[in-house]
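Each chain is listed here by its residues.
Protein chains: 4
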Amino acid sequence: MTYSVAIAGASGYAGSEVLRLLLDHPAYASGELAIGALTAASNAGRSVGEILPHLAPLADRVIQETTPENLAGHDAVFLGLPHGHSAEIAAALGEGPDAPAILDCGADFRLSDPAEWRRYYGTEHAGSWTYGIPELPGGREAIASSRRVAVPGCFPTGGTIACLPATAAGLVEPQWSIVSVTGTSGAGKKAAVPMLGSEVMGNLRAYNTAGRHRHTAEFLQNLGGAGELSVSFTPVLAPTSRGILTVATAPLADPATTTAAARAAYAEHYAGEPFVQLLAEGLQPQTKSVVGSNMVQLQVEVDERAGRLLVTSAIDNLVKGTAGAAVQCMNLMLGLDETAGLPRAGLAP
Amino acid sequence: MTYSVAIAGASGYAGSEVLRLLLDHPAYASGELAIGALTAASNAGRSVGEILPHLAPLADRVIQETTPENLAGHDAVFLGLPHGHSAEIAAALGEGPDAPAILDCGADFRLSDPAEWRRYYGTEHAGSWTYGIPELPGGREAIASSRRVAVPGCFPTGGTIACLPATAAGLVEPQWSIVSVTGTSGAGKKAAVPMLGSEVMGNLRAYNTAGRHRHTAEFLQNLGGAGELSVSFTPVLAPTSRGILTVATAPLADPATTTAAARAAYAEHYAGEPFVQLLAEGLQPQTKSVVGSNMVQLQVEVDERAGRLLVTSAIDNLVKGTAGAAVQCMNLMLGLDETAGLPRAGLAP
Amino acid sequence: MTYSVAIAGASGYAGSEVLRLLLDHPAYASGELAIGALTAASNAGRSVGEILPHLAPLADRVIQETTPENLAGHDAVFLGLPHGHSAEIAAALGEGPDAPAILDCGADFRLSDPAEWRRYYGTEHAGSWTYGIPELPGGREAIASSRRVAVPGCFPTGGTIACLPATAAGLVEPQWSIVSVTGTSGAGKKAAVPMLGSEVMGNLRAYNTAGRHRHTAEFLQNLGGAGELSVSFTPVLAPTSRGILTVATAPLADPATTTAAARAAYAEHYAGEPFVQLLAEGLQPQTKSVVGSNMVQLQVEVDERAGRLLVTSAIDNLVKGTAGAAVQCMNLMLGLDETAGLPRAGLAP
Amino acid sequence: MTYSVAIAGASGYAGSEVLRLLLDHPAYASGELAIGALTAASNAGRSVGEILPHLAPLADRVIQETTPENLAGHDAVFLGLPHGHSAEIAAALGEGPDAPAILDCGADFRLSDPAEWRRYYGTEHAGSWTYGIPELPGGREAIASSRRVAVPGCFPTGGTIACLPATAAGLVEPQWSIVSVTGTSGAGKKAAVPMLGSEVMGNLRAYNTAGRHRHTAEFLQNLGGAGELSVSFTPVLAPTSRGILTVATAPLADPATTTAAARAAYAEHYAGEPFVQLLAEGLQPQTKSVVGSNMVQLQVEVDERAGRLLVTSAIDNLVKGTAGAAVQCMNLMLGLDETAGLPRAGLAP
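As they're listed, the protein sequences go chains A, B, C and D. Taking the working numbering, I'd label the letters of the first sequence as residues 261 to 609. Taking the working numbering, I'd label the letters of the second sequence as residues 261 to 609. Taking the working numbering, I'd label the letters of the third sequence as residues 261 to 609. Taking the working numbering, I'd label the letters of the fourth sequence as residues 261 to 609.
Simulated from the structure, these hints should not be mistaken for lab results. Incorrect hints may have been included.
Derived list of chain B stretches under chain C, where covered just means 3 residues or more per stretch with a C-beta under 8 Å from a C-beta of chain C [as the list claims (entries may be wrong)]:
id	stretch
1	309-315
2	542-549
3	552-562
4	602-609
Cβ coordinates follow ideal geometry from the N, Cα and C atoms, glycine included.
Start from the sequences and build out the full structure, keeping to the hints where you can.
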């Protein structure tokens, strides 16, 4: 059986990263998976070679316009569109058994609480789809049985995977301080002076601080547990294209908790997970270790003197944080091997 | 009157940055300040042009060996030595009125509590000198009347200036979560595989986590106040040579505190400080704005939903974080204008 | 006597770098030089603190609109405008003895040959002004006696200073192969996808190749000599904000020429030049050694086996390549010390 | 049939990149290819997880010592050793039909002329092996029938592939000016102050200039043709981990040659080559387009005014420039599909 997939927003960072992964997907090599329509907005009519010169095998492909017609008739459609554009496309593609499975890399369907959506996005809530983190409890099964999946935000992916086991094991009071240092590609491929190389190289700055970042809502949705949840989330922009390093701390529920106990809880929580790696004691996650791969590297420690649990995680924001998660979900939805086409080795140095 | 200054460890990053600043010091231009002996260990005998090619005006100067003899006879001596080497040199230079004023860029004399010293450095405590942050209460006067000053660590400089007003004004419970994202030059000019360009470019990683970083002791020394102090400090290495961006949060003492009130407290605390700039509301500190300068850029906000105060600060770790602080202290100790030779404009882009 | 200077295009990289240099100019410190109108186009009405946060001492200044009225009445006006906008402003400012001296950081008045102008810029030639490289033969005197100076392009500055002595001394046949590796700030502060940090970090690419770069015309104008001149010029974009490293080679006129002879010719040619440093044998120019400074670092060698002379030079494209050259020319035009306000030490590491 | 391969020098950049590629090799996935001994010198006894944290699937593997005993008994052995160490290992591994095929990523067996070897390396010539560029005339066949292959240097790979068709087609006089801008990983994983991140970030510098770089000998060996060959080769270090952008020019043999004619010659020369991509007219190679992949991107143009041919090429120095070439040769030597395990899409942005 052959599956065909289409990518809307193929010229953006999310869409083109899905493409990059599909080109090395074994089902593509074997002919089981075909790369169908590639669509975009302003880049429609241009060749892949011209706007995505790193995708040599597709250099002669021409980008089409993003319309329901061009996207229909595929088995799966990836949406890498600006926030607010997915609902209309999804509606036009329909929901019947012959309609394509949809993987939305945008935010439109991530939040289940309409009030939270309005608070952070300021528009009407379009609804919510299955949340695309297979590593959450029940996540894998929910995704496999869904036709529509909302791929999570890049920060909530690395942060949720870092923080959830501590809550589940009752290690902490759920009052998280989260600082995520991120590369620039999370801002997308939009021309903007503050994202110029001249501005970001050699520079470090926080942004969307004090609860204003929209991903705060996803953290709050994902990290609930016993006790009153609070999340202080601060993203910091750093001079690298890819990668998110998250530092999360919360007060220990029991000050006598040891690092060994915390490590045991994390090891048990993620036992068998193909893309979550709890590092050996003494090692810290590095974004360069996961760049290009779908891995999450984790470390967890107790800071005795401060009475806090410290969890750190590293992901590639464009892979596990976006396109890799999308492909992982696609694999589950199409009944392919969940890990197919998703590298576990990063590109270092 | 002419002052002469010597620099021990002139080939390292701290020492060479003192030199860079002195070359543009108006007292150097006017002949009031002379650059005397430049000394080093393994680089002794080599020319400045060979090992510090950016210091063109001194290209023909030859680096001498770091000995008390070479350093004696100056009005001020900067020590940019590996930790543990300052005490012996200081003892040999003596303490009489004719002995040079000493500015130690190393850690040896920063901590007043011998137990804390032993805890973090593992050796006998050498003692403590005047702590070189003029912006602390009484700091300016203490430095001006001292002959020996311990220049603070780079992280505690940016972090203390960020956190202190909140404690002083009683805005927070003193339970700080501090994440500082730093460039690589803080690690010094020592050959080491993890600090190779190939390793650090494109990479983000935390290190010396969970209370292990030695600067934790300085934070604890500086940030005491009402309530039981705790500091969770996590440094993160980012791919840039210079700059520290600190993100500090603590629980609000009164949940009704507003950003305006917090800003007012900070503005009052630092009124008239030449090197501390509380940014206009809505702007965030950027390390690139302060690179090459002695400035500290600050922002303070209330995160209502999380119930925490958020303070961010940016410094150049080699200027306000090390050599600029040292020159600022030297100015005070020699009776020069405190701000002389210390740029307030950063090098951007 | 007090001079007042205005900057048109103050929010761009050229204009803001002039500002940065003026803030540390001793004539500004002494009150002899006042910073007058700061003007811009789309940024008019915004504060310096908002758009140029690195210029802390001017944070509260408001940018005005770029109009002749706002620029008139100053002793000197710097133009940091897009190509094609200088002629009109200059005409409106007039040429009488009370009209301001003008330093144009744009290209409009650099080329003396109208045909060359049309070939590379495609518009009518506006004329030519004194070419602003004091280090050219007669350059210093010509600038000092001019009221209008065309500040050269960044590539031709580093390249001309590298190549000219070889021609003057008859060392080579004037058939130059020039490759200049440049940081991104030369492209200006314009939003454009190919200049995003995500695109330029980790990337190397040539552009405007095969004679298409407009600076080729300046090279051809500057490097004439005995024999038929040809210049193959290739700029390469590298992931750093500042700096140009130029590699220039040409066939030796006499294959027996030695490196020592070539060095002697260069040393003699630039004897006494405050901003040109011929490095000691065995050292190579580094852009980081000159970043933030007005220096040109040079090295010259004979490649015996290839029968070619190799000259390398490093400049900061925004300082000696633009704003530093402009301030150097301003100093000459206003009768100030030529070197005032122009650092000779670079910002490293 | 199952092949087993060993890697000597597995902890270095060349060796670990071979490992990274093998982990995604389809023969590894299918069990046809087994990763055998991983050996190193000072890192022997440490785990892969500790020293190569990006290779998650092998985290628990322990590095052995580099001895003939540990390397014997494999079908193929990759050598990623410092220059001068391969000959002894190769001799110990023997040459019989049961001896492993050897792929030397070092320089020891690249040069056929003993005098050239001694000129550039200063030691006795160990001999020469089949030169591992399948894209050279007859290269593919020679490699497939060899048991020992010398993987070329990174600069000569990108440069030879760029320059050879011009010589073969008689387009130029073979007097090449070659400037190659390179990332830092080519310098290897050795601790050295000039390669620290603090030194290389924000910096550009030429090195081993004027014919001193050892790869000059490979260029001279590869680029011979009609007329007297000369090569002026200048490497420039740029702040990125990976990638080489080569700019090569030579005088046109016939000044009437057009870009179209040159493009046609290149297209014909590389017709059917899976890893050489002549870009569409108007596009320039970018290293970021090939990072992580085995591709060579090429562009060729005539600079009419300068009378020179301009060829530019981009490679990943660790893939096509080292480990990818080695795996490509291994595929040929073991009778696998030449392209297996070698990505053709790069990792951008």
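Hints broken by the structure, by number, lowest first? none
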